[in-house]
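What follows is each chain in one-letter form.
Number of protein chains: 4
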Amino acid sequence: MAIHLGANQYGKAESRVVRIYRDTPRHQIRDLNVSSALRGRFEDAHVTGDQRDVLPTDTQKNTAFAFAKEKGVGAIEDFALTLGGHFLDAAPAADGARIEIEEYPWQRITVDDTGHDHSFVRSGSGIRTTVVNVQGRGDDRKAYVVSGISDLVVLKSTGSEFHGFLKDRYTTLPETNDRILATSLVARWRYDHTEVDWDKSYDGIKALLLSEFARIHSFALQQTLYGMGAAVLEQHPEVAEIKFSAPNKHHFLVDLSPFEIDNPGEVFIAADRPYGLIEATVVRDDASDAGSAWHAVPGFC
Amino acid sequence: MAIHLGANQYGKAESRVVRIYRDTPRHQIRDLNVSSALRGRFEDAHVTGDQRDVLPTDTQKNTAFAFAKEKGVGAIEDFALTLGGHFLDAAPAADGARIEIEEYPWQRITVDDTGHDHSFVRSGSGIRTTVVNVQGRGDDRKAYVVSGISDLVVLKSTGSEFHGFLKDRYTTLPETNDRILATSLVARWRYDHTEVDWDKSYDGIKALLLSEFARIHSFALQQTLYGMGAAVLEQHPEVAEIKFSAPNKHHFLVDLSPFEIDNPGEVFIAADRPYGLIEATVVRDDASDAGSAWHAVPGFC
Amino acid sequence: MAIHLGANQYGKAESRVVRIYRDTPRHQIRDLNVSSALRGRFEDAHVTGDQRDVLPTDTQKNTAFAFAKEKGVGAIEDFALTLGGHFLDAAPAADGARIEIEEYPWQRITVDDTGHDHSFVRSGSGIRTTVVNVQGRGDDRKAYVVSGISDLVVLKSTGSEFHGFLKDRYTTLPETNDRILATSLVARWRYDHTEVDWDKSYDGIKALLLSEFARIHSFALQQTLYGMGAAVLEQHPEVAEIKFSAPNKHHFLVDLSPFEIDNPGEVFIAADRPYGLIEATVVRDDASDAGSAWHAVPGFC
Amino acid sequence: MAIHLGANQYGKAESRVVRIYRDTPRHQIRDLNVSSALRGRFEDAHVTGDQRDVLPTDTQKNTAFAFAKEKGVGAIEDFALTLGGHFLDAAPAADGARIEIEEYPWQRITVDDTGHDHSFVRSGSGIRTTVVNVQGRGDDRKAYVVSGISDLVVLKSTGSEFHGFLKDRYTTLPETNDRILATSLVARWRYDHTEVDWDKSYDGIKALLLSEFARIHSFALQQTLYGMGAAVLEQHPEVAEIKFSAPNKHHFLVDLSPFEIDNPGEVFIAADRPYGLIEATVVRDDASDAGSAWHAVPGFC
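Top line first, the protein sequences correspond to chains S, A, P and F. When we follow the numbering used here, the leftmost residue of the first sequence carries the number 2, and every step to the right adds one. When we follow the numbering used here, the leftmost residue of the second sequence carries the number 2, and every step to the right adds one. When we follow the numbering used here, the leftmost residue of the third sequence carries the number 2, and every step to the right adds one. When we follow the numbering used here, the leftmost residue of the fourth sequence carries the number 2, and every step to the right adds one.
Bear in mind the hints are in silico, worked out from the structure with no lab data behind them. A few of these clues could be false.
Using 30 Å as the maximum straight-line C-alpha spacing, the simulated DSS-like pairs for lysine-lysine come out as follows [as the list claims (entries may be wrong)]:
| # | chain 1 | residue 1 | chain 2 | residue 2 |
| --- | --- | --- | --- | --- |
| 1 | A | Lys-207 | S | Lys-250 |
| 2 | P | Lys-207 | P | Lys-72 |
| 3 | F | Lys-72 | A | Lys-168 |
| 4 | F | Lys-72 | A | Lys-143 |
| 5 | P | Lys-168 | P | Lys-207 |
| 6 | P | Lys-207 | S | Lys-250 |
| 7 | A | Lys-143 | S | Lys-250 |
| 8 | S | Lys-250 | F | Lys-250 |
| 9 | P | Lys-207 | S | Lys-168 |
| 10 | A | Lys-72 | F | Lys-72 |
| 11 | S | Lys-207 | A | Lys-207 |
| 12 | S | Lys-207 | S | Lys-143 |
| 13 | P | Lys-250 | F | Lys-72 |
| 14 | S | Lys-207 | A | Lys-250 |
| 15 | S | Lys-250 | A | Lys-70 |
| 16 | P | Lys-70 | F | Lys-250 |
| 17 | S | Lys-70 | P | Lys-207 |
| 18 | F | Lys-70 | P | Lys-250 |
| 19 | P | Lys-250 | A | Lys-250 |
| 20 | F | Lys-250 | P | Lys-72 |
| 21 | S | Lys-72 | P | Lys-168 |
| 22 | F | Lys-207 | P | Lys-250 |
| 23 | A | Lys-250 | F | Lys-70 |
| 24 | F | Lys-70 | A | Lys-70 |
| 25 | S | Lys-70 | A | Lys-250 |
| 26 | P | Lys-207 | F | Lys-207 |
| 27 | A | Lys-168 | F | Lys-143 |
| 28 | S | Lys-70 | P | Lys-250 |
| 29 | S | Lys-143 | P | Lys-168 |
| 30 | P | Lys-207 | F | Lys-143 |
| 31 | S | Lys-168 | P | Lys-168 |
| 32 | S | Lys-168 | P | Lys-72 |
| 33 | S | Lys-70 | S | Lys-168 |
Quick caveat: nothing in here was measured; it's all calculated off a predicted structure.
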């Protein structure tokens, strides 16, 4: 019987790189979780155990920390592009490199109404992410950037309906014109190219996702997500497509009638499991080819 | 051989009570995790299985949701005091009731520079907590309130030293005059009485903990915590004592010398385990008796 | 600007279905975590909010529980195939249905050297999984089954080397002829068809993965995984390909030389992050076409 | 205003010490999570930041690893007693030392019907724990040992009733003569002295807890726990008292009547939150004084 090695990838996951800029007394902090991986022609490493083509995961980790000083850490997209290109060059057997970075947000602590120079508190709405895939050599090199946000927990206490759905023998859900809509949003958007002001684009998209979630009168989480995605594509020409994964964090109205208490949309129980899970993509008609952009993007491939 | 029932306690943990106030178009949200427990003379339930003295945990849950409407949800301390007193009355065999509540913070989503009426985003710096213990009947009834904050992740990128410590055969740690100091703080403070403006007190203590963490030049996490606690006691006469549990979230300077790169306090690796764990109490000399205030306070009893 | 709906999917995640068979005093238990999703032509639901094509996630949940009684729960693959086919029929706008099931293992508690009739303890080595994708209607219907195991934590205290790897400027890792090799294995294998004795196949593959991990002298985790996969393909003709995701759970030899203590492979620190992450596929040369088999398989798409 | 330092404790938490015995080709593994802490007269460290009395947490970590080689790792109780005594000696300002150890169970992988010499798989029913408190100097030194088991997930599919309970206005729970009883048990027992065959005692108590859970016909989780505890005290004279913390992992019978399906105890939904939480202690009448045995025992102080 004949067998062969199929798709493969290896790397160092979750290097917690913290970079402090202290050139002035007013420090800056960038707090990253960096994962890198290489894929390609690594048959020897797998079949015979010969590691001559394998740049160790330990070296990948060392490089992430060294580059944090040598190259500096600006936007995570730039740092990921730099690392991805470097690893592809460093490992000739690799066909592609994938860099994933999460960035945790910090705010300056307020002292006497001013942000402190070197003291920070973790703030909580959303974790910034990017997955960069770099492929090819020389003139054929292509780089794909998929950035996003996760852990963005949002809730509407009204302005959400759900009715008119398909019914069958197993349907018991009552229709409703007023419910709580809540989700822990994950959004990932593919950039059309790499000539982007990353920080500005991220800030704009995050603010837009939030305001559209608030603004849209919802007939279903699907329609809310589509509207949010459409707004991003309309206002951010640098974005080719955007994908959402949104667990419907159910808030069930509690039945207080056994206690002769009325409950007109005031007391809810927040449930854990099961939960609806809605996934959707909104794409620009003339979007560039996705290539390997979505390769190994967690939850979206 | 003779045996007997010792300390016991039973209740319903983690009822996720979400209360929406919608009397005007500008909704308010209070998002709680409520746990209740009763303790006392429950020998029959344990020894023979006779449940006649046991108010079921399911009833405790129902009551939490019903009270969210009947009594309303203001400060979590008030809601806990109301529930605790009620349960002690409802279960004659109980000697004490314990109510623990966590409250998750939400902010209004900004739309057109204004906070939206009914759309919210979870914000992230710290979870408000309270543990209320109620004991005794009639004139002997006493209520103890221990409130706090958890998940308050803070970091100083300088202004932290650690040296002059005790050394023995197993000591290898170098002394340092400049390191990162970071922790995920848990603080719990015991109120001296229950005549408190709870929300105002919480907001003041939280802001003070943050600003003192920033302000204090640190010679050890112990000394930082002590200073933070002292400031709280000085400015908040309603607080009898304050306890801290603070994991030292180590950020190790990365040795880049193998790559001939200097690293003067700029690139760190954030480590997971092991971690230092510092616990300390700061007490007012004339503090009232703690009674059962610290009964079953997670991590602090 | 023109935009459109791209890939989409919706369903109910993590319904915790527990089925007890109590036809005789010797009960059987099957403890499942069921997730279902539909994908297809759901433009109206997204663009206009019209839900007429949408079979609610609540109905999907109801169906999973109802089928647990109506159809019974045997092998999770059979249960998933039944659910997937049903949902595709129930929702005419759907092009495909995806069912994911995890099964948690229970053992009978031993009483007087015998397994008890109706008392069980969760056992711990590995969680059984399946992802079934069903597509098409009538004669075009195709069903794909990808089963697997997760959380299989294994360790070799010797018989593992790592050397001869590619080196560059950032390489500091010493070569070794003896190290601990440990991983929390996730394996997922695609069945070539659906005429399979699922329980027997799963038991055989699990035992084989374990014994091959033990048997193979390792020159890298890649080579261990390849050997394990090759053995599965050789002994299980029903398997078309197998994929692995294996975090290298590093156990670093502790340097005790500052204390003048020798440490010849005896005392290790188990590290959390970062970790190497090795992913590999072993494929039969004449494997059937994968079709949509790997659609939305967590971690492997 | 005068304030002072109250209860305090500091140490290194969660050192993951893995000890391999390789004196013969048949290796042994002990896989530990070690936490140590010192408490006492550490005012200077807190008030002025003077660390001269503080044995750094880093040194505590070093010692745990060094002792794993120097002293060896047998029963976790012995290892904890050795570490605790050492730390109290090493830090003159300390009044007490607390050592907590968790041990993760491994089984040999079966190859050709035999356990392999150096390949292991994590097995899953229960994590062994100990908390040792050592106090005093010279002849006054006392050592307290509280051992236990956590994560012991057990379920009875019948043989469990719940009725005859106290009812009030908020009670809706129906009485039942047949339900699923399930919990993720945590048990901690205090040893009367330290002249114990720790491994044998642990194995005996674990087996007894399981078999009693199976054997006892339950009228409430309280009564099941009491019976389990009584059996331990009866058969293990070395145990002075035993405490339980048992979340009632609710399995609710699913109402299938909307689909005209009968469900006589066959299909359940396993719920996450809220959950009943039952805590109980069973004590020998002539138990020795607990002293500081329960100091900082997580969940039981």
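Below or equal to 30 Å on CA atoms is what counts here, so check F/Lys-70 against A/Lys-70.
-> Outside the cut-off at roughly 61 Å; violated.
Is F/Lys-250 close enough to P/Lys-72, meaning Cα to Cα at most 30 Å?
-> Measuring from Cα to Cα gives roughly 26 Å; hence the hint holds.
Quickly compare the C-alpha distance for S/Lys-250 and F/Lys-250 to 30 Å and report which way the hint goes.
-> Holds, because 21 Å separates the two Cα atoms, which is no more than 30 Å.
Keeping to a limit of 30 Å between CA atoms, is the pair of S/Lys-70 and A/Lys-250 held or broken?
-> holds (22 Å)
Under the criterion that the straight-line Cα-Cα distance not exceed 30 Å, is the pair S/Lys-70, P/Lys-207 satisfied?
-> It is violated: about 45 Å lies between the C-alpha atoms, which goes past 30 Å.
Taking only the CA atoms, is the gap from S/Lys-143 to P/Lys-168 under or equal to 30 Å?
-> Within the cut-off at roughly 25 Å; holds.
Would the pair P/Lys-207 and F/Lys-207 pass a check requiring their Cα atoms to be no farther apart than 30 Å?
-> holds (27 Å)
Holds or violated: are the alpha carbons of S/Lys-70 and P/Lys-250 at most 30 Å from each other?
-> Satisfied, since the Cα-Cα distance of roughly 27 Å is no more than 30 Å.
Proposed proximity, P/Lys-168 with S/Lys-168 (alpha carbon, max 30 Å) = At roughly 62 Å apart (the allowed maximum being 30 Å), P/Lys-168 and S/Lys-168 break the hint.
Are the Cα positions of P/Lys-207 and F/Lys-143 separated by 30 Å at most?
-> violated (49 Å)
Is it true that the CA of P/Lys-70 sits at most 30 Å from the CA of F/Lys-250?
-> holds (22 Å)
Hey, P/Lys-250 versus F/Lys-72, does the alpha-carbon distance stay inside 30 Å?
-> holds (26 Å)
Checked against the numbered hints listed earlier, the structure breaks hints 4, 5, 6, 7, 9, 10, 17, 24, 30, 31, 33; every other hint is satisfied.
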